[in-house]
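Peer 1: Below are the chains, spelled out letter by letter.
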Amino acid sequence: MSKIVLCDPVGEASGSAKKSLALRWSPDGRIATLFNNHVSSHRVWKRVESLLAERLPKASVSTFDKENTFAQAPAEVIDNVVARADVALVGVGA
Amino acid sequence: MEASIAQSETSVLVPRPPIGYGCLERRCGISLKTVEVDSVEDAIERAYSEGWTDGLPVVPPTLGLVQRGLDYLGVEPSEIVGTIPPKNGIATYGNIVANCVMGGCLPEHMPVVIAAVRAMLQERFTLNGVQATTNSVAPLVIVSGPIVEQLGFNSRWGVFGGGSRANAAVGRAVRLILWNIGGGYPGKIDMSTMGHPGKYAFCIAEDREWNPWLPLHVERGLDEQDSAVTVVATDGPHQIGTGSGYASAEQVLTVLADSMMTIGNATMNAGGDMVLVVGPMTAQNLAARGYTKASVRLALQQLARKPAELVANCLFYQRPHPYHWSHVMKDPDDPTELVPLIRDVGQVVITVAGGMGSGTGFCSFCPGWHQGGGLACTEKIIIPQ
Chain L
374 MSKIVLCDPV
384 GEASGSAKKS
394 LALRWSPDGR
404 IATLFNNHVS
414 SHRVWKRVES
424 LLAERLPKAS
434 VSTFDKENTF
444 AQAPAEVIDN
454 VVARADVALV
464 GVGA
Chain S
-15 MEASIAQSET
-5 SVLVPRPPIG
5 YGCLERRCGI
15 SLKTVEVDSV
25 EDAIERAYSE
35 GWTDGLPVVP
45 PTLGLVQRGL
55 DYLGVEPSEI
65 VGTIPPKNGI
75 ATYGNIVANC
85 VMGGCLPEHM
95 PVVIAAVRAM
105 LQERFTLNGV
115 QATTNSVAPL
125 VIVSGPIVEQ
135 LGFNSRWGVF
145 GGGSRANAAV
155 GRAVRLILWN
165 IGGGYPGKID
175 MSTMGHPGKY
185 AFCIAEDREW
195 NPWLPLHVER
205 GLDEQDSAVT
215 VVATDGPHQI
225 GTGSGYASAE
235 QVLTVLADSM
245 MTIGNATMNA
255 GGDMVLVVGP
265 MTAQNLAARG
275 YTKASVRLAL
285 QQLARKPAEL
295 VANCLFYQRP
305 HPYHWSHVMK
315 DPDDPTELVP
325 LIRDVGQVVI
335 TVAGGMGSGT
345 GFCSFCPGWH
355 QGGGLACTEK
365 IIIPQ
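So the sequences go chain by chain: L and S.
Residue numbering for the first sequence follows our numbering, starting at 374 and increasing by one per position.
Residue numbering for the second sequence follows our numbering, starting at -15 and increasing by one per position.
Take the hints with a grain of salt, since some may be wrong.
In silico DMTMM-like pairs for lysine to aspartate or glutamate, Cα to Cα no more than 20 Å straight-line [unchecked claim]:
#1 L:K376 with S:D22
#2 S:K290 with S:E234
#3 L:K439 with S:E107
#4 L:K376 with S:D26
Which chain L residues stay away from chain S? Per the calculated CB distances, all over 12 Å, these [to be verified]:
#5 D401
#6 E422
#7 L425
#8 L429
#9 S435
#10 V450
#11 V455
#12 A456
#13 V460
#14 A461
#15 L462
It is worth saying that the hints were derived from the structure and are not from the lab.
Small disclaimer: the values here were computed from a predicted structure and weren't measured.
Beta carbons: idealized from backbone N, C-alpha and C, even for Gly.
Pulled out of the complex, with its shape left as it was, chain L reads as follows:
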């Protein structure tokens, strides 16, 4: 019996999106926060940042904000986060 060949319509994730590295982190490592700046999350995000500083006093914490809440962070921001941190906490909210 002849087969029907179907073409896969799914788009492969671009290189930056499909990377998934194992998490390597220590409490005295480098941490970054990247906040999407959504107004409804300001208070909780400030609390998260203060908790990080309070609970992880030996860690180096860098904070970043997105200028456009609704767009993906520009590549230069991501590069900066990657350069300055081993682990990043990325904030969402709406």
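Keeping the supplied structure of chain L fixed, place chain S upon it in accordance with the hints.
Peer 2: Same frame as chain L, but now just chain S:
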């Protein structure tokens, strides 16, 4: 069993001169994956089990149908058109055409879909947010120009509903692209709280014969003989019975304005682009009384205003938010000051579509998302030579 479309590339990848599709693409090493099934019934079910469809059955994207689309466009399956957020899936002509086939497109519908994809990928559309927001907006595709008649788009009775293959297939293809390439899965990446039926298909066409005003694409900088797609992220259509068969222009505009400025809609709270679909009877009556699209916008901007003390009851957006209405007020603490729905007249996309109807003069209003995205973007439709 997986194969590659490259096996049959000899008939697909015939070198062709640039036809306008070559401007954005670059070659990549991606080949279109394929799967084999035994029957049409299996193909339909396979689309479900693979997660290729959002719930409606789809036309099986067979190698033959996909190849036919690629042949018509004169493109290679591996050429990249763009990256569709939020998943950042790579949109190639191969997977775009496969989604077009699944949506029911004929090859000649595919340039319309490609124009819509390019429009959605313009920066000001902010597709990432449109796909992910808790708001219910979906990209509304508005087709205008000679292609409306050439491909049989419905621009008249039931324009938002069924009845036309072109509207339905293009709308479905756009949705499936956002699904399969952009990863807009509800509750996972697409966090739309309510959604709306336009998330299955949302494509209308502007009527050329009954539109007394400038065509939408001409207003947006293209030539009249061009055909184009304009996309705007909007809520579902809200019908407005204007009574324009009996009413004065001033009465019609008052009804339109009042119906557009409901205090719970996103545009009222946070600005941005919106779509007013003016029924042909209403458009012609307004035009007969000297109104153009531009003067309709100005009139609506003056009329569509509500007292701040009323709008302030809606805490959907709040004052710290940069798009909140208080930021466009002279004195945001004055409860009697009027909040404008239309912050800038350029935010009102007006198109003429729908049936002629009776004197009821039905129109539709589609509120937008907010001033930070989902904004109207237009792309010329490029027909392969």
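Peer 1: Please flag the earlier hints that this structure goes against, numbers listed from lowest up.
Peer 2: none
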